[in-house]
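Colleague: Using the sequences provided together with the hints, build the complete structure.
When we follow the working numbering, the leftmost residue of the sequence shown carries the number 1076, and every step to the right adds one.
Hint data in this document are derived by calculation from the structure and do not stem from the laboratory. Treat each hint with caution, since some may be false.
Subject to a maximum C-alpha distance of 30 Å in a straight line, what follows is the list of computed DSSO-like cross-link-like pairs (lysine-lysine) [stated by the list, open to error]:
1) K1432 <-> K1335
2) K1431 <-> K1350
3) K1265 <-> K1277
4) K1291 <-> K1250
5) K1332 <-> K1344
6) K1259 <-> K1344
7) K1275 <-> K1350
8) K1228 <-> K1143
9) K1350 <-> K1259
10) K1250 <-> K1275
11) K1398 <-> K1375
12) K1265 <-> K1335
13) K1240 <-> K1265
14) K1350 <-> K1332
15) K1344 <-> K1228
16) K1427 <-> K1414
17) K1344 <-> K1275
18) K1250 <-> K1150
19) K1228 <-> K1176
20) K1413 <-> K1398
21) K1344 <-> K1365
22) K1143 <-> K1259
Computed spacing ranges between beta-carbons, pair by pair [to be verified]:
23) D1161 <-> V1339: 46 to 52 Å
24) T1328 <-> T1142: 34 to 40 Å
25) K1378 <-> A1300: 39 to 45 Å
26) N1360 <-> S1318: 23 to 29 Å
27) V1371 <-> D1232: 56 to 62 Å
Note that the structure is predicted; figures quoted are calculated from it, not measured. The C-beta atom is built at its ideal place from N, Cα and C for all residues, glycine as well.
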Amino acid sequence: MSKKDIFGDEIEETKDMASFEQLFAQSEQGLKTRVSVGDQIRGEILSIGKEESFVSTGTPVDGLIFTKDLMDENKEVKYHVGDMIDVVVISAKGGEIRLAKKGSKNASTDSLEDAFDMELPVTGTVTEAVNGGLRVNIQGKTAFCPISQIDSKFVQDTAEYVGRKFDFLITQMDKRNMVVSRRKLLDLQKAENEGVFMEKRKAGDILEGRITRLEKFGAFVELEAGVEGMVHLSELTWSRVHSPQEVVSAGQTVTVKILKIEDVDGRLKISLSMKQADGDGNPWNSVPAKFPVGTVVNGKVEKKETYGLFVNIAPGITGLLPKSKWRDHIDGAQFENKKRGDEIVVQIDEIKFEEKKISLGVPGAGEDHSWRSHQPASGTGFGSLGDALKNLNIKPK
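Modeller: This is the structure we're talking about:
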């Protein structure tokens, strides 16, 4: 496709132009977007000022370095604009990058002290596991990270962290010791992520997540980085289950519906449902066609209460047989003696689809049994034995 200039005329693409565009694209690909405290950079000195100088960082933001860091023992600047220099990032906050010359006092002790005072993250590599925690190398200095502070989850095996690089917050620092925490940084990041999540999500949203862990009362689902919700056991499936392991496993990707989002004592609590997120698997969708009012079905007693029996009539479908429905029934005793797990025959009396409720009854209870107590008018039909004797004018002796 030919290219045009600003006047709309076609221009011929030269080999040099194509080469320039390729080089420019390559330079953009190699451009970093951000740096972190502790990063070591080889950059070009862009300008030298009286107090501060500028050095390229390989990102869209140039770094600031104190000009005194470019001086020799005689307090004379020994560098020139265009020289390359090895520097260390000592601060990256608010869109400003602060640098120090690699190997200088500012690049070690002072930069870590600044990170400690300003609660800035520093990058370190876990070198070994020791009693009670791990040793971490940060800018050539050894720090200690307690085992409880290496992650936001409970950690038993520390071997998986050895040799890996993480960001830490310095929680304690003096001339001899430095203590760091990764968990504190993760908690801060989690709070930030939860705030963003609350702004863009609401109850009723359907989204995907990953099962992180299982408890006897339900399953925890990671919805986004640092944001977890919980699916209660009763919300895992429409069928009755006794443990989450019957339905899901750790690491599994699931679709969930947000039931509630609330802030409880400064912590985000998200209630989720798997069964309500799966419309096709909702057994209630087939209830009107499968169980029309008046249908007699076989069920199983799921729970017995003082006011009636909860009867499961299909996987995920449970109805209530109120005690008032059998109390005056001729076979009421058999219903009274039913217990959990017993088979029972019931009739669909009413369906409240929106409320997901079914009212059950006793089969045949709606038939007319008034003949049992009906007495015909005197002089008609068979009447009573006394009426019959009277009609025959037979007097008892």
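Colleague: What hint numbers does the structure not satisfy?
Modeller: 4, 8, 9, 10, 19, 21, 22 and 24
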